[in-house]
Amino acid sequence: DSGVTQTPKHLITATGQRVTLRCSPRSGDLSVYWYQQSLDQGLQFLIQYYNGEERAKGNILERFSAQQFPDLHSELNLSSLELGDSALYFCASSPYGGADTQYFGPGTRLTVL
Amino acid sequence: AQSVTQPDIHITVSEGASLELRCNYSYGATPYLFWYVQSPGQGLQLLLKYFSGDTLVQGIKGFEAEFKRSQSSFNLRKPSVHWSDAAEYFCAVGRGNQGGKLIFGQGTELSVKP
Chain A
1 DSGVTQTPKH
11 LITATGQRVT
21 LRCSPRSGDL
31 SVYWYQQSLD
41 QGLQFLIQYY
51 NGEERAKGNI
61 LERFSAQQFP
71 DLHSELNLSS
81 LELGDSALYF
91 CASSPYGGAD
101 TQYFGPGTRL
111 TVL
Chain B
1 AQSVTQPDIH
11 ITVSEGASLE
21 LRCNYSYGAT
31 PYLFWYVQSP
41 GQGLQLLLKY
51 FSGDTLVQGI
61 KGFEAEFKRS
71 QSSFNLRKPS
81 VHWSDAAEYF
91 CAVGRGNQGG
101 KLIFGQGTEL
111 SVKP
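Protein sequences, first through last, are from chains A and B.
Residue 21 in the working numbering sits at position 21 of the first sequence; the count goes up by one each step and never skips.
Residue 84 in the working numbering sits at position 84 of the second sequence; the count goes up by one each step and never skips.
Keep in mind that the hints are not guaranteed to be accurate.
Derived DSS-like pairs (lysine-lysine); straight-line CA-CA distance at most 30 Å [stated by the list, open to error]:
no., chain 1, residue 1, chain 2, residue 2
1, B, Lys113, B, Lys61
2, A, Lys57, B, Lys49
3, A, Lys57, A, Lys9
4, B, Lys49, A, Lys9
5, B, Lys113, A, Lys57
These are calculated hints, taken from the structure and not from any lab test.
In this text the structure is predicted, and so the values were computed from the model without any measurement.
Produce the complete structure using the sequences and hints provided.
And the structure:
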């Protein structure tokens, strides 16, 4: 158990819908990261927040957005969902904002029908 | 462009045999290097990491990896594989000036024969 929690574990929804994935980092960690894992793209970095501020951005679609709240939990919002958004979404956390060991949560499996 | 290559998509070894998983990276400077393992239905667990110093690093579960700058490689090794090592293994690189962004290889799936 890494100490990173993600909810929900599974999510099934329809195209065009909007969903919110939630992540609670390990106690004391200030950075939260979001990754997408799919069969065709592999593991892709989406975005990083450090102490409430955006720190780094990957190839995150404009339909996707994230935020980190004062209690350091984070949410990833996915809107106008497409079939291709079906994937495993991981959250990770680390103590600081730079190159650092990242601890991964168990993931949220999103299925878009 | 920065990239990580794991040339072997799938490897099968016999239990008790030695293992080496390959990882090559393309980066502009000395990267931070990681190996993670993912069991079916699970998240990623850190096996080991290299930031600086001794180029041979020891990790959990009897794994080790060696950073070779001249070959841009960070291969993962284990002298004797156990059936419980069957999983998918990911090499990842990061750089301090890009926040904590990690670039992952495509992964190597390890099967262990009894």
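**Report entry** Those earlier numbered hints the structure runs against, lowest number first
**Finding:** 5
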